[in-house]
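Based on the sequences and whatever the hints tell you, model everything.
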Amino acid sequence: MDVKEISFSYGKTKILDKISFSLKEGKITTIIGANGCGKSTLFKLMTRNLVPTSGKIVLGDKNIRYIPLKEFAKQVAIVHQSGNEGSDITVRQLVEYGRIPHRKISCIKMADDDKKIDWVISVTGLDEVKDRQINELSGGQRQRAFIAMALCQDTDILFLDEPTTYLDIRYQVEILELVKELNKRYGMTIAMILHDINQAVHYGDEIIGLKEGHILIQGKPKEVIDEEVIQKIYGIHLPVRQVDGDIAVLAVGKRDIDTDKQ
Amino acid sequence: MDKENTGAKIFKLEKAEIKKVETKKNEIKKVEINKAEAKKNEIKKAEINKAEAKKNEIKKSALKKKGIIRITTAFAILIILHIALIFISVLAGSIDTGFIKLFRGLFVEYDHDIAIIYDLRFPRIIVSMTAGAALATAGTLLQAVLKNPLADPGIIGVTSGAGFAGVIVSSFFPAIYYQKPLFCVVGACVAFIMVYMLSWQNGLTPIRIILVGIAVEAVFSGFTQGFEAMAGSTLSGVASITDGNVTLKTWTDVKTIIVYAIPGLIIALLTFSICNILILKDETVRGLGINVNRIRIIVSFIAVFLAGVATAFAGAISFLGLIVPHIGRLIVGNNHKVLIPYSMILGSFVFLLADTLGRTIAMPYEISPGIIMAVIGGPSFIMLLRKEKNYGR
Numbered sequence: 003m004d005v006k007e008i009s010f011s012y013g014k015t016k017i018l019d020k021i022s023f024s025l026k027e028g029k030i031t032t033i034i035g036a037n038g039c040g041k042s043t044l045f046k047l048m049t050r051n052l053v054p055t056s057g058k059i060v061l062g063d064k065n066i067r068y069i070p071l072k073e074f075a076k077q078v079a080i081v082h083q084s085g086n087e088g089s090d091i092t093v094r095q096l097v098e099y100g101r102i103p104h105r106k107i108s109c110i111k112m113a114d115d116d117k118k119i120d121w122v123i124s125v126t127g128l129d130e131v132k133d134r135q136i137n138e139l140s141g142g143q144r145q146r147a148f149i150a151m152a153l154c155q156d157t158d159i160l161f162l163d164e165p166t167t168y169l170d171i172r173y174q175v176e177i178l179e180l181v182k183e184l185n186k187r188y189g190m191t192i193a194m195i196l197h198d199i200n201q202a203v204h205y206g207d208e209i210i211g212l213k214e215g216h217i218l219i220q221g222k223p224k225e226v227i228d229e230e231v232i233q234k235i236y237g238i239h240l241p242v243r244q245v246d247g248d249i250a251v252l253a254v255g256k257r258d259i260d261t262d263k264q
Numbered sequence: 002m003d004k005e006n007t008g009a010k011i012f013k014l015e016k017a018e019i020k021k022v023e024t025k026k027n028e029i030k031k032v033e034i035n036k037a038e039a040k041k042n043e044i045k046k047a048e049i050n051k052a053e054a055k056k057n058e059i060k061k062s063a064l065k066k067k068g069i070i071r072i073t074t075a076f077a078i079l080i081i082l083h084i085a086l087i088f089i090s091v092l093a094g095s096i097d098t099g100f101i102k103l104f105r106g107l108f109v110e111y112d113h114d115i116a117i118i119y120d121l122r123f124p125r126i127i128v129s130m131t132a133g134a135a136l137a138t139a140g141t142l143l144q145a146v147l148k149n150p151l152a153d154p155g156i157i158g159v160t161s162g163a164g165f166a167g168v169i170v171s172s173f174f175p176a177i178y179y180q181k182p183l184f185c186v187v188g189a190c191v192a193f194i195m196v197y198m199l200s201w202q203n204g205l206t207p208i209r210i211i212l213v214g215i216a217v218e219a220v221f222s223g224f225t226q227g228f229e230a231m232a233g234s235t236l237s238g239v240a241s242i243t244d245g246n247v248t249l250k251t252w253t254d255v256k257t258i259i260v261y262a263i264p265g266l267i268i269a270l271l272t273f274s275i276c277n278i279l280i281l282k283d284e285t286v287r288g289l290g291i292n293v294n295r296i297r298i299i300v301s302f303i304a305v306f307l308a309g310v311a312t313a314f315a316g317a318i319s320f321l322g323l324i325v326p327h328i329g330r331l332i333v334g335n336n337h338k339v340l341i342p343y344s345m346i347l348g349s350f351v352f353l354l355a356d357t358l359g360r361t362i363a364m365p366y367e368i369s370p371g372i373i374m375a376v377i378g379g380p381s382f383i384m385l386l387r388k389e390k391n392y393g394r
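If you're matching them up, the sequences are chains H and B in order. Using the numbering used here, you'd call the opening residue of the first sequence number 3 and step up by one each time. Using the numbering used here, you'd call the opening residue of the second sequence number 2 and step up by one each time.
Just so you know, the hints here were simulated from the structure itself, not pulled from any lab data. Glycine included, every Cβ here is placed at the ideal spot set by N, Cα and C. Hints are not guaranteed to be accurate.
Stated by the list, open to error - Computed Cβ-Cβ distance ranges for the label pairs, DEER-style:
#1 H:12 / B:81: 56 to 62 Å
#2 B:45 / H:221: 57 to 63 Å
#3 B:259 / H:37: 54 to 60 Å
#4 H:172 / B:67: 32 to 38 Å
Below is the structure:
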């Protein structure tokens, strides 16, 4: 997927200004940025929930705007930020919805649907809870169920909008490891917005840093992230350290400023 | 010495060989025993596994069966009650009649009293049932597509839009009385489009729909009431709509309401898969390649149509479209495949019950079903809510 010079404005306020990048096939791209930098808008544009004011997003050789919705759903699966989607449908039923783009009539099952659904449920580790209702699940399980639904769409590209929000750290890591496995084992091209800088650095093959509607940095996390960049993106000085060959941003404020002074 | 020695040696060798053979035998036996045991164990394990799997399956199917049984009983009880209610409703009223007299009058020989019952009570009963079913279904569909538990054709102004159109038609153009349902549907659509467009702001938020809906409702019912005051409330068509009563219905009304409502109800039954998937967030549904706005408009139109038709015959009834779907959810759950038909029957039952009570408890005066529903329906719904503590959280 190539994003070509897209801009977006709400009324007179410009949210995104001529952004261009391409998602590398078979890689994980993470997108970071401060609140209000336009990353959610970018996500909405990439998932066709908004139309750019100018510029275009190209998938294959077509502008995604002109790809029929159903066709798009066969190529790109999306996991939106989970809200309060409490409901009494079972995990299996939810996952089954992921087959809809492949069906001629949306409520009639196709021959290989069941096989695919079972496979996806086992990949996402939902076997034990597959007959449970969505609103009985823990936050982590629920997020995995929505990822499972997206996987059931059988696409090459997967987009995730802050998949770890509202989750305890254990579930955060669990979800990110699952995403990594999907990339490594099944070669999915993945783009995700992440709040946590360290997770974005660790799990991203590529990282894109947004600031005020344009791209500030783009590249391999280890090469592009440093204290100066963090300062620019988030407007706060945070120490960046080397830990076991990886970089780590110490996401705590005052104490570090004090120790820096000493 | 040598001989002895060799003899002893041979003996020793023999012994050793015997020992060897024995140990071999033993070993083979052991291995065999081990193998046999392992096999036994495996078989046992497999059996245990199978048994467990079977148990689990039985458990699962039992759970499923439990659900199915619960739903079938719910339907059975409701249908039996409904049939009983229809009989009571036919028999009850100012003309006293028994079952046998009724049967004779209807099928055997002419009976003056029964003829009156046939012309007055039967149409009224059928109109009440159909209107109730239509309103409850409209409520169920609106709640699903607007993702709003408070969505009800009464609250968001759809029925008062329809009511206003009905009042205009019955007072200015009494000649086109039989096209009245069409005009009511148009009025309902106008009100709904107003609510939809005025509350739209980068999407629909539940609160905005309700707020705008209440305002639109107020405007239309204000118009209707003002109109009634000016025209004098003697016009029976106007009174029927503003009071929400179903007196003086004829067989022509029955034909008209059935022609309009039955197709709407059947289409409504077919929308269950759309209603089910709309439990998810709009973006998620869109991500599955479904044009959310299109399906929402189609289903909303069916709901608005049904509410408009019901209003044309039974007046601006509120509350029923709100409460019945919730009672339905409490009893049969959220799956619209089951919920839509259940709400339909329940709505028909509730309306007929309200009308029957209304015309019998204070004979010879009549209390409109709207009032009965408010007075009895409200408290019973609260009781049900108190019982199901997890509902609506």
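For each hint, the structure was consulted:
The beta-carbon spacing between residue 12 of chain H and residue 81 of chain B, approximately 58 Å, falls within the hinted interval of 56 to 62 Å. As the Cβ distance of residue 45 of chain B to residue 221 of chain H is approximately 60 Å, the hint placing it in 57 to 63 Å holds. In this structure the supplied range 54 to 60 Å holds for residue 259 of chain B paired with residue 37 of chain H, their Cβ-Cβ distance being about 58 Å. Hint check: residue 172 of chain H to residue 67 of chain B, Cβ distance near 34 Å, so the stated range 32 to 38 Å holds.
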